[in-house]
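Protein chains in written order, with this note's numbering: chain V, 28 to 242; chain H, 28 to 242.
Since the hints were derived computationally from the structure, they do not count as laboratory data. Here a beta-carbon is modelled for each residue, glycine too, at the ideal position from N, C-alpha and C. Among the hints, erroneous ones may be present.
Here are the simulated lysine-lysine pairs, DSS-like style, with alpha carbons at most 25 Å apart [what the hints assert, rightly or not]:
hint	chain 1	residue 1	chain 2	residue 2
1	H	Lys192	V	Lys132
2	V	Lys218	H	Lys78
3	V	Lys78	H	Lys132
4	H	Lys118	V	Lys132
5	V	Lys192	V	Lys132
6	H	Lys118	H	Lys192
7	V	Lys117	V	Lys78
8	H	Lys78	V	Lys108
9	H	Lys218	V	Lys78
Pairwise CB distance ranges, derived in the manner of DEER restraints [to be verified]:
hint	chain 1	residue 1	chain 2	residue 2	range
10	H	Arg84	V	Ser221	29 to 35 Å
11	V	Asp138	H	Lys118	22 to 28 Å
12	V	Asn53	H	Lys203	41 to 47 Å
13	V	Asp138	H	Lys117	34 to 40 Å
14	V	Asp138	H	Met28	51 to 57 Å
15	H	Asn57	V	Glu47	55 to 61 Å
16	V	Lys192	H	Asn176	47 to 53 Å
There are 2 protein chains.
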Amino acid sequence: MHLIKVGGSLTYFAKPLLSELKIFSNSEENKIIIVPGGGAFANVVRDLNEKGGLSNRSSHKLATMSMDLTGIYFSEISNIKTADNLYEAKKILEDDNIVILLPSKIVLSTDELPHSWNITSDSIAAYIARLLNLNSVIIATDVDGIYDNYPEGKLLNTINAKSIKGFTSVDSYLPKLLLKHNIECFVVNGKHPSRIINILKNNNDIYTKITIDKK
Amino acid sequence: MHLIKVGGSLTYFAKPLLSELKIFSNSEENKIIIVPGGGAFANVVRDLNEKGGLSNRSSHKLATMSMDLTGIYFSEISNIKTADNLYEAKKILEDDNIVILLPSKIVLSTDELPHSWNITSDSIAAYIARLLNLNSVIIATDVDGIYDNYPEGKLLNTINAKSIKGFTSVDSYLPKLLLKHNIECFVVNGKHPSRIINILKNNNDIYTKITIDKK
C-alpha cells in the first residue's frame with residue numbers, strides 16, 4: 028500500500044494526477060491511499076487565526092476539516108471514493124484499490140499531534156502512514172522537491188531527515204515524525220504525474236528522497 | 028425561540044454581535060439559535076465550482092460544510108456551544124438558551140433543497156426555521172437591509188416577499204421559501220447588534236421586514 032499526500036497547491040492540477048493514480052492502482056495491484064492537503068480552505072483558517080481571534084486549538088480542528096473539504100473536491104473530479112476512518116478506507120481499498128481519506132475524524136479522535144501551524148497536512152500524512160504501519164510516504168506538491176537553497180538553489184536527490192532545517196517545501200514537524208517512526212519520504216512535483224508513478228515503480232526521476240538513516 | 032442567521036460577511040464583526048446575543052438570551056429567556064453563513068470558505072467552493080470542475084451537487088455539499096466551519100469559528104470566539112442536529116440543539120438550548128447550529132448534516136440528510144447557488148445560507152436558515160415551526164427568521168448581514176435600488180437606492184422598511192426581484196442582499200430562493208412556509212423575515216445590519224436586539228424586542232429600528240401577506 029502506498030500513501031500519497033496530494034497538496035492543496037495542486038488543486039487546479041489534481042485531475043490528471045488523480046486519473047493516473049487511479050489507472051496505476053488498478054493495473055498494478057498497488058493499492059493507493061490519498062491524503063488531501065487543506066488548500067485554499069486552510070488559507071481561510073490561517074486568516075481567521077491571524078486576524079479573527081481563532082485559537083491554535085480551533086485552527087487545528089478547522090485546518091483538518093479543510094483537508095476533508097479538499098478531499099471531497101478531489102473525489103468529485105476523480106470519481107475516487109472517500110472514507111473518513113481507516114476501517115472504511117481499508118474496506119474500499121479491497122474493491123477499488125484506491126481511496127481518498129478525509130482525515131479530520133481520525134486526527135481529532137486520537138489527538139496525538141500538537142495544535143500548531145508547524146503541523147500541516149505533511150505531518151498528518153506521515154501520522155496516518157504510521158497508523159497504517161507503512162514505511163514510506165509520498166508528498167506531492169507544486170515544486171520539484173527540496174532545494175539546498177530556495178528559490179535559487181540546487182534540487183537535492185536525497186537529504187537526511189536530521190539535516191532538514193529552516194524553509195523547505197514540507198512542514199517543520201515532518202522530519203521529527205519520520206525519524207521517530209522510521210518512515211521514508213519522497214517530495215515530488217505533482218504537476219508531473221509520471222514522476223510519482225516512477226517512485227511507485229522504484230524508478231529514478233526528479234524528486235527528493237528524505238532518508239532516515241540514523242548514523 | 029428566535030433563529031438568527033449570521034452571515035459570513037460579518038466574520039470579522041461577529042464577536043460583539045455574538046456577545047450581545049448571548050447576554051440577551053440569558054437575561055430575557057428568549058432562546059436563540061444561530062445559523063452561520065459560509066463566509067470565505069464558501070467563496071473557495073465557488074471558485075472550485077467556476078474554475079475547478081466541481082459540480083453543483085458537490086458544491087452544495089461543500090458550501091453547507093463551509094457553514095459548519097464558519098459556525099465552529101463563531102463558537103470559538105463567543106463560547107457558544109455548537110450542535111449538528113436539531114435534537115442536540117434543543118438539548119443545549121434548555122441549559123444555555125443559545126446555540127450555534129452546524130447545518131450540513133441536517134441539510135444533507137433531508138436533501139429537500141435544490142443544489143444551486145440560488146440557495147445559500149439565507150434559504151438554509153429559512154428551511155431550518157420551517158423544521159422548527161418558527162414563523163420568523165432574522166438575517167444579519169453587512170448592509171442595512173433591502174434597497175429599492177442598490178447601491179444608490181432607498182432602504183425599504185418593508186417589502187412583500189412576492190415583490191422581491193433581481194439583485195438584493197438575500198438569495199433568490201428565499202422569498203419562495205418564506206411564502207411557502209409562512210415565515211416572515213428581517214434583514215438587518217449585524218455590524219449594529221442593537222438593531223437585532225430591537226427586532227427581538229419588537230422595537231422599531233433600521234432594518235427591512237419581508238412580509239408574506241398573500242393578498
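Now for the hints, and whether the structure bears them out:
Taken as a hint, the Lys192(H) and Lys132(V) pair is broken in the structure, with Cα atoms around 42 Å apart against an allowance of 25 Å. The hinted pair formed by Lys218(V) and Lys78(H) meets the criterion: a straight-line CA distance of about 17 Å does not exceed 25 Å. Taking the CA atoms of Lys78(V) and Lys132(H), the gap is about 29 Å. The hint is violated against a cut of 25 Å. As the CA atoms of Lys118(H) and Lys132(V) are separated by approximately 24 Å, the hinted pair is consistent with the 25 Å bound.
The straight-line distance between the Cα atoms of Lys192(V) and Lys132(V) is roughly 31 Å, outside the 25 Å bound, and the hint therefore fails. The suggested pairing of Lys118(H) with Lys192(H) is violated, with an alpha-carbon distance near 39 Å, which exceeds 25 Å. In summary, the hint linking Lys117(V) to Lys78(V) is not supported, as the alpha carbons are separated by about 40 Å, beyond the 25 Å threshold. Between Lys78(H) and Lys108(V) the CA atoms are separated by roughly 22 Å; this keeps the pair inside 25 Å, and the hint holds.
In summary, the hint linking Lys218(H) to Lys78(V) is supported, as the alpha carbons are separated by about 17 Å, within the 25 Å threshold. Separated by about 32 Å at the C-beta atoms, Arg84(H) and Ser221(V) satisfy the suggested range of 29 to 35 Å. Here the CB-CB span from Asp138(V) to Lys118(H) is close to 25 Å, well matched to the stated 22 to 28 Å. For Asn53(V) and Lys203(H), the Cβ-Cβ distance of about 46 Å falls inside the hinted range of 41 to 47 Å, so the restraint holds.
Separation of Asp138(V) from Lys117(H) is about 28 Å and departs from the stated range, judged on CB atoms against 34 to 40 Å. At roughly 34 Å, the beta-carbon separation of Asp138(V) and Met28(H) lies outside the given 51 to 57 Å, and the hint is violated. At about 57 Å, the beta-carbon gap between Asn57(H) and Glu47(V) stays in the expected band of 55 to 61 Å. For the pair Lys192(V) and Asn176(H), the beta carbons lie near 59 Å from each other, so the given range of 47 to 53 Å is not met.
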